[in-house]
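Residue numbers (our numbering), protein chains in the order written: chain A, 4 to 185; chain B, 4 to 185.
Quick caveat, the hints were computed from the structure, so don't treat them as lab data. No experiment lies behind these values; they were computed from the predicted model shown. Among the clues, some could well be false.
One copy or two, either will do: identical chains are not told apart, so a pair holds if it fits within one copy or between any two.
As the list claims (entries may be wrong) - Calculated pairs, DSS-like style, for lysine-lysine (alpha carbon to alpha carbon, straight line, at most 25 Å):
| id | residue 1 | residue 2 |
| --- | --- | --- |
| 1 | Lys-172 | Lys-144 |
| 2 | Lys-32 | Lys-175 |
| 3 | Lys-154 | Lys-172 |
| 4 | Lys-172 | Lys-116 |
| 5 | Lys-116 | Lys-154 |
| 6 | Lys-172 | Lys-82 |
| 7 | Lys-32 | Lys-68 |
| 8 | Lys-180 | Lys-82 |
| 9 | Lys-98 | Lys-15 |
| 10 | Lys-175 | Lys-82 |
| 11 | Lys-32 | Lys-180 |
| 12 | Lys-98 | Lys-180 |
| 13 | Lys-175 | Lys-98 |
| 14 | Lys-172 | Lys-15 |
| 15 | Lys-175 | Lys-144 |
| 16 | Lys-154 | Lys-175 |
| 17 | Lys-172 | Lys-151 |
| 18 | Lys-180 | Lys-144 |
| 19 | Lys-15 | Lys-151 |
| 20 | Lys-144 | Lys-15 |
Number of protein chains: 2
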Amino acid sequence: MNCEFPLHKAFKFIEPGPVILLVTSENDKPNIMTLSWSTLIDFNPVIGCVLSPGDYSYEILRRTKECVIAIPAIDIMEKVVQIGNCSGSDTNKFKTFDLTPIKAQKVEPPLIKEALANIECKVIDVDFVDRYGLFIMEGIKAWYDAEKTEKCTFHANGDGTFVIDGETKNLKDLMIKWQIFI
Amino acid sequence: MNCEFPLHKAFKFIEPGPVILLVTSENDKPNIMTLSWSTLIDFNPVIGCVLSPGDYSYEILRRTKECVIAIPAIDIMEKVVQIGNCSGSDTNKFKTFDLTPIKAQKVEPPLIKEALANIECKVIDVDFVDRYGLFIMEGIKAWYDAEKTEKCTFHANGDGTFVIDGETKNLKDLMIKWQIFI
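Only chain A is shown next, with the shape it has when bound in the complex:
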């Protein structure tokens, strides 16, 4: 079950650089795209996502300026890759991939029930969209499914292979300058 998650800690879902799902919606038609070109920009969180003009979500995101960034775990890994290999122009992705939309609180696009975490976002800057497809968005509400047993996320290698989270190493004792984040 998705429960509210402290917004100021939501950057931790993005910082490791996992494959993410980006949910948009227009005229009551939600769509999902798979994306691995993203970065944190600030801790609020502010997030940068790079889309291509060829992506069905590109113009919708520019027009609506709202999205949900969902963090998938490996239990839906194959679906995530399949979502990235078809287009919302002719595919109802929630239906086709048997994913459950949940009404978001502050934006029109829905959360994805099966994701580990969801961040409701508003696009705050489109000045770099024409040049680089780079959308700057701010997370305004975050959700996390603490009951989900599968917590492993995964990263794209860019060649159809994906690397799954392995061991976590605790190096907090070396973070002498950044104690504030520990």
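Use these hints to put chain B onto chain A, whose structure you have.
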């Protein structure tokens, strides 16, 4: 040994979102910073890196517009975290952390011999530096140490813990739309 790597494939080092090292140089003084806020912007590769005005490298990178992005593996993981917890203003990082600078071919900052890969970069756009600390850079030469046995990279969780690459999953058969990258 670092050997030349095809530039058009170098995006694969950045796409998984690993912790990276950013090497700058001014007045023959090379410096290294640790960074985990980065993303691919294009395949050339064009890479976006977010620095803070408080980072010693920030003004140097803006002035010199050159850097090397080095991809560390877990054999130097502790050094990478330590590099991110001190400042080039009072620390010679190559010397302090016993890393070996190698002369780059197209930029002033050196490669790091102990890294798995190095990408020589030119900053091509600073229009978003004031607003977000976001430097847009283009890779112009790439190097890879194929003889290095340790190839595992790692990702920052943002709290002093780091997740190490685990199993690689091959889902190339699902990449029906993106065969060109396989």
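Status of the hints after comparison with the structure:
Within a single copy, Lys-172 and Lys-144 get their C-alpha atoms no closer than 29 Å, and across copies no closer than 32 Å, so neither meets the 25 Å cut-off. Proximity of Lys-32 and Lys-175 under a CA criterion of 25 Å is satisfied in neither setting, with 44 Å inside one chain copy and 29 Å between copies. For the identical chains of this complex, Lys-154 and Lys-172 are neighbours both inside a copy (16 Å) and across copies (16 Å), given an alpha-carbon limit of 25 Å. Taking identical chains as interchangeable, the C-alpha atoms of Lys-172 and Lys-116 lie at most 25 Å apart only when they sit on different chains, with a minimum of 24 Å there against 29 Å within one chain.
Within a single copy, Lys-116 and Lys-154 get their C-alpha atoms as close as 14 Å, which meets the 25 Å cut-off; across copies the closest is 35 Å, which misses it. Proximity of Lys-172 and Lys-82 under a CA criterion of 25 Å is satisfied inter-copy only: 14 Å between copies versus 29 Å inside one chain copy. Taking the shortest Cα distances, Lys-32 and Lys-68 sit within 25 Å of each other inside one copy (15 Å), while across copies they are farther apart (44 Å). Taking the closest pair of Cα atoms, Lys-180 and Lys-82 come within 25 Å of each other only across two copies (14 Å); inside a single copy the shortest separation is 40 Å, beyond that limit.
Taking the shortest alpha-carbon separations for Lys-98 and Lys-15, neither the intra-copy value of 29 Å nor the inter-copy value of 32 Å comes in at or below 25 Å. For the homomeric pair Lys-175 and Lys-82, the shortest alpha-carbon distance between copies (13 Å) is at most 25 Å, but the shortest distance inside one copy (35 Å) is not. Within a single copy, Lys-32 and Lys-180 get their C-alpha atoms only as close as 46 Å, which misses the 25 Å cut-off; across copies the closest is 23 Å, which meets it. When the C-alpha separation of Lys-98 and Lys-180 is checked against a cutoff of 25 Å, the pair qualifies only between copies, where the shortest distance is 20 Å, while the shortest distance within a copy is 47 Å.
Proximity of Lys-175 to Lys-98 under the C-alpha cut-off of 25 Å is restricted to the inter-copy arrangement: shortest distance 23 Å between copies versus 43 Å within a copy. With identical chains, the CA atoms of Lys-172 and Lys-15 are at most 25 Å apart both within one copy (15 Å) and between copies (23 Å). For a Cα distance limit of 25 Å, the shortest separation of Lys-175 from Lys-144 qualifies neither inside one copy, at 27 Å, nor across copies, at 34 Å. Taking CA atoms no more than 25 Å apart as the test, Lys-154 paired with Lys-175 passes in both settings, with 21 Å inside one copy and 23 Å between copies.
When the C-alpha separation of Lys-172 and Lys-151 is checked against a cutoff of 25 Å, the pair qualifies both within a copy, at 22 Å, and between copies, at 21 Å. In this assembly of identical chains, the alpha carbons of Lys-180 and Lys-144 never lie at most 25 Å apart, being 29 Å within a copy and 33 Å across copies at closest. Taking the closest pair of Cα atoms, Lys-15 and Lys-151 come within 25 Å of each other only inside a single copy of the chain (17 Å); across copies the shortest separation is 30 Å, beyond that limit. In this assembly of identical chains, Lys-144 and Lys-15 lie within 25 Å of each other by CA distance solely inside one copy; the values are 14 Å within and 32 Å between copies.
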